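These are the residues of each chain, in order.
There are 2 protein chains.
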Amino acid sequence: MDPGHPFGLGTLPYGSFTAPGSPDPRVGVAVGDLVLDLTAAARALLPADAALFAAGTLDGLLAAGPATWARVRAAITGWLTDERHRPVLEPLLVPTEFTTPRLPFTVADYTDFYASEEHATNLGRLFRPDGAPLTPNWKHLPVGYHGRAGTVVVSGTPVVRPSGARRAPDGEIVFGPTARLDFEAEVGFVVGAPSTPGRPVPLAEADRHLFGVCLVNDWSARDIQSFEYVPLGPFLGKSFATSVSPWVVPLAALRHARVAPPPRDPRPLPYLDDAGAEPWGLDLELTVTLNGHQISRPPFAGVYWTAAQQLAHLTVNGAPLRTGDLFASGTVSGPRREQRGSLIELTWNGAEPLVLPDGGERAFLLDGDEVTIGGTAPGPDGGRIWLGEVRGRVRAAAPG
Amino acid sequence: MDPGHPFGLGTLPYGSFTAPGSPDPRVGVAVGDLVLDLTAAARALLPADAALFAAGTLDGLLAAGPATWARVRAAITGWLTDERHRPVLEPLLVPTEFTTPRLPFTVADYTDFYASEEHATNLGRLFRPDGAPLTPNWKHLPVGYHGRAGTVVVSGTPVVRPSGARRAPDGEIVFGPTARLDFEAEVGFVVGAPSTPGRPVPLAEADRHLFGVCLVNDWSARDIQSFEYVPLGPFLGKSFATSVSPWVVPLAALRHARVAPPPRDPRPLPYLDDAGAEPWGLDLELTVTLNGHQISRPPFAGVYWTAAQQLAHLTVNGAPLRTGDLFASGTVSGPRREQRGSLIELTWNGAEPLVLPDGGERAFLLDGDEVTIGGTAPGPDGGRIWLGEVRGRVRAAAPG
Numbered sequence: 001m002d003p004g005h006p007f008g009l010g011t012l013p014y015g016s017f018t019a020p021g022s023p024d025p026r027v028g029v030a031v032g033d034l035v036l037d038l039t040a041a042a043r044a045l046l047p048a049d050a051a052l053f054a055a056g057t058l059d060g061l062l063a064a065g066p067a068t069w070a071r072v073r074a075a076i077t078g079w080l081t082d083e084r085h086r087p088v089l090e091p092l093l094v095p096t097e098f099t100t101p102r103l104p105f106t107v108a109d110y111t112d113f114y115a116s117e118e119h120a121t122n123l124g125r126l127f128r129p130d131g132a133p134l135t136p137n138w139k140h141l142p143v144g145y146h147g148r149a150g151t152v153v154v155s156g157t158p159v160v161r162p163s164g165a166r167r168a169p170d171g172e173i174v175f176g177p178t179a180r181l182d183f184e185a186e187v188g189f190v191v192g193a194p195s196t197p198g199r200p201v202p203l204a205e206a207d208r209h210l211f212g213v214c215l216v217n218d219w220s221a222r223d224i225q226s227f228e229y230v231p232l233g234p235f236l237g238k239s240f241a242t243s244v245s246p247w248v249v250p251l252a253a254l255r256h257a258r259v260a261p262p263p264r265d266p267r268p269l270p271y272l273d274d275a276g277a278e279p280w281g282l283d284l285e286l287t288v289t290l291n292g293h294q295i296s297r298p299p300f301a302g303v304y305w306t307a308a309q310q311l312a313h314l315t316v317n318g319a320p321l322r323t324g325d326l327f328a329s330g331t332v333s334g335p336r337r338e339q340r341g342s343l344i345e346l347t348w349n350g351a352e353p354l355v356l357p358d359g360g361e362r363a364f365l366l367d368g369d370e371v372t373i374g375g376t377a378p379g380p381d382g383g384r385i386w387l388g389e390v391r392g393r394v395r396a397a398a399p400g
Numbered sequence: 001m002d003p004g005h006p007f008g009l010g011t012l013p014y015g016s017f018t019a020p021g022s023p024d025p026r027v028g029v030a031v032g033d034l035v036l037d038l039t040a041a042a043r044a045l046l047p048a049d050a051a052l053f054a055a056g057t058l059d060g061l062l063a064a065g066p067a068t069w070a071r072v073r074a075a076i077t078g079w080l081t082d083e084r085h086r087p088v089l090e091p092l093l094v095p096t097e098f099t100t101p102r103l104p105f106t107v108a109d110y111t112d113f114y115a116s117e118e119h120a121t122n123l124g125r126l127f128r129p130d131g132a133p134l135t136p137n138w139k140h141l142p143v144g145y146h147g148r149a150g151t152v153v154v155s156g157t158p159v160v161r162p163s164g165a166r167r168a169p170d171g172e173i174v175f176g177p178t179a180r181l182d183f184e185a186e187v188g189f190v191v192g193a194p195s196t197p198g199r200p201v202p203l204a205e206a207d208r209h210l211f212g213v214c215l216v217n218d219w220s221a222r223d224i225q226s227f228e229y230v231p232l233g234p235f236l237g238k239s240f241a242t243s244v245s246p247w248v249v250p251l252a253a254l255r256h257a258r259v260a261p262p263p264r265d266p267r268p269l270p271y272l273d274d275a276g277a278e279p280w281g282l283d284l285e286l287t288v289t290l291n292g293h294q295i296s297r298p299p300f301a302g303v304y305w306t307a308a309q310q311l312a313h314l315t316v317n318g319a320p321l322r323t324g325d326l327f328a329s330g331t332v333s334g335p336r337r338e339q340r341g342s343l344i345e346l347t348w349n350g351a352e353p354l355v356l357p358d359g360g361e362r363a364f365l366l367d368g369d370e371v372t373i374g375g376t377a378p379g380p381d382g383g384r385i386w387l388g389e390v391r392g393r394v395r396a397a398a399p400g
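Protein sequences appear in the order of chains D and P.
Each residue of the first sequence is one higher than the last, beginning at 1 in the UniProt record's numbering.
Each residue of the second sequence is one higher than the last, beginning at 1 in the UniProt record's numbering.
For the record, the hints were derived by calculation from the structure and aren't laboratory data.
List of simulated lysine to aspartate or glutamate pairs, EDC-like, C-alpha gap at most 20 Å: (1) P:K139 <-> D:D170; (2) P:K139 <-> P:D265; (3) D:K139 <-> P:D170; (4) P:K139 <-> P:E117; (5) P:K139 <-> D:E172.
Residues from chain P shown here face chain D by an in silico Cβ test under 10 Å; the list is partial: (6) F227; (7) F235; (8) G237; (9) S239.
Values in this document were obtained by computation on a predicted structure and should not be read as measured data.
Just so you know, even glycine gets a beta-carbon here, dropped at the ideal spot from N, CA and C.
Pulled out of the complex, with its shape left as it was, chain D reads as follows (with noise of 0.2 Å):
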C-alpha cells in the first residue's frame, strides 16, 4: 500500500481490511491513499446491495455477478464524485496507512499455469538441460497444476522459509531449511460468479465469470521443488505460501489494457482459438523489487495464454468454476535478462548472481529479504494506472 502510488477513480479496487479500535473486517475501496469502508457505506447509500459487503470480505460481491459489479461500481464512482455524498462519505474514508489488509476473499481453489513461454522454456533449460525446454503440450493447452489455497496469504505476511527434503551436491538425500528460496512474479484471476456443472465456458463467456485481477507472488523453494516434482508436479516447494496483492482491481478498470495475445503456432485447438474474438491479452507491467532495489520489469502483455484460455481449459472437462477460484498466470517473465519475473532465471539458477547497488549479491533469497511486485495498466487518459503491490519479507527457518 504504497502512497506513492495512489489509485485513482478510475481503478477502484476492493479489499477487506480491519481498522484501528474496530476488530469487524470491512470491505474497503481504495482511492488515493484512503480506503472507503463499504461495508458501512453501502448500509447508508446502498441498502439493498448491503447485505453483500456485510461479512467484510469480497465473497457476497464476487458471487453477485456481472450486473451488480457493474452497478455497485457505477455506485460508487457516483458517490466519490458528487459533493453531497460528502457528509456521508468523510467519516467513512480511512487513511490506508492507518488499515490493516485482509485475505480480500475465501480461496476455493487455487490453480497456477505456466503461460510465459519466455518462463517456461528457461525452467525447462534448468530442470531439464537434456530434453527440449518446452514439453510436447505446451503449445496445445495451458499447462497448469492445482496448488494449496490454504496456504494464500495477504500482501505483508511474513514469509517463513520451509524446510524439506532435497537432494545435496554430493547426492545425498537431506532435509533442512531451503538453500535456493525464491519469488515469483505472476498476475492472478480472481472467479465471481461461478459456472454450471458438465457446462464448459466458452471463450466468449469468460466475463460473466471472471471478476478482476491481483499481484501474485508464488514464493518457490527450488531445490525442495526439483527434488519432489517428478512425476506428479510441484508440491511442499510452493505450498508453504502463495502471497497476493491486497486491492482486487476489477476487470472494469482494465478496458483500456486489452490488447490482441502474442500469434500462436500451432493454431490452438477449437475451444482455445481466440482468433478473432475479443482479445484477452492484457497490457500489464510488473516490477519486482528486492529490499527497495528494482531488479526486473516483467511484461505481461506477451504471456502465451490468456485468462480466457485458461478459463477454458480449466472448465473444459466439466469442472465447474466456484466463487473465490484463483488462477494465477505463471511466473511472467520476457525475452530480455530484466525481464525475467524469478531469481532461478534471472541468476540462471545461481550461477550468475545479481549484483544489488548495495553492493550485495543474490543467488537465492537472504532471511531477512523484502520482496515487491507491483503493476501498472494503461489507463483511461493515456496514462497508466496503478494495479497495487504484494510485499513479503522472508523469516528465518523454524529452529528444527
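Here the structure of chain D is known, so what remains is to put chain P in place on it, guided by the hints.
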C-alpha cells in the same frame, strides 16, 4: 449404502443426509440399516454439543478436536445400547434407503498421494516405459499433488465422461471425450482439527488431527492425463470428479486395524521415520465391483507410506492443516494382478481387456458402467467391520 453390509455398533460412521419431506441437511450416524438423525438427537440428549451438528455437515464436529470426538462417540454408543433412550431415539432413526446422502463435509484442500509401491511401479512402466518405474524421490518422501477440491462429490453422483485434449494414435492432437476413462480405488483421510501455521505435525501427533477415513474413487481420464501431466502433474485428467463414500468412519473404529507398515529401504528421513512409533499401517481390504461383478480386491495393509507420514509430509514445510482437508492414499494395488486398483493396471493399458462374467470385455469404462468400491477392516471380535462404499455410474459425454 448396501443394506447387505450393515454398519455395526463398533463402527458408527458419520455422514450428512436429507430425509423425505425435510430439505434441511442433517448429520447422521449409520447403524444397521438405519440412520440416526444426530442433529435432532443431540438437541435432546447432548445439548451442550448440539451446535456442532446444527448446520447438517460434519464441519463443526471435525473442527472440535479429539476430546469432543471421543465424548460424542461415547454418548452415541451409550444411547444406542440403553433401552431407556428408545422413546427419544426411535422417531429419529430413518431407514437408510429413504435418506439421500450429501457430501459429508466441506472439502478444504484435496491432496492425492501415490503411496502404493505396486501402483507407482505399474504406472511408471506404462507411462514411462524407457525409464526406471519408480522416480528417484519415491522411496524418500510420499509423492503427492494437489487436486481440485471443488469437484469432490458424494457417492452416487453420476460421472459424466469428460472431454479434453489428447494425442491420437497417429500423433495428431485432438479434442473429444476421453477414450480411456478409469477408476482408482483409494482410501481417503479426513482432517479434523487444524494445525498451527509454521508448526509441522510430527508422526506422534497425527491422531490429534486425523478424524477418520472414507473410500475414494479418483476417476481418471488416462489419455488426457498422459498428454497433460508433464511437467506439472495431473490436472484435467483428474479434476472432473472425485467420488467419496458418504460415511466417514472415525479412527476410533479402526483401532483393531492398526498393523505394522511394510519395511522401508532406505530408512526414511527423521520426520518420516516411524520405526518404533505407534504403527499406522491399516489392514483395510478394498473390493472393486464393476456392474455387479467383483474385479479386484486391493489390500491396503501393504501401502508403503502411512497416513501419519503423509500428514507429517504435508506440514513439514510449515503449511497448516485446515478442517476439511482431504488427502487420499493414491491407488491401492497389491502385488497380484487381481489386487490392482485401476483398470489401466488390470488391463495393462487396455492390452489385456478384462472379461466379465456376462461375457462383456472392458479395456476402459463404457458409458453406463457402474463402479463400486467397498471396504472392510478388522473389528473388535475377530471379524471384520464394513467401511461403506463409494459408487458412481458413467454418463455419456455432453454433446460437444
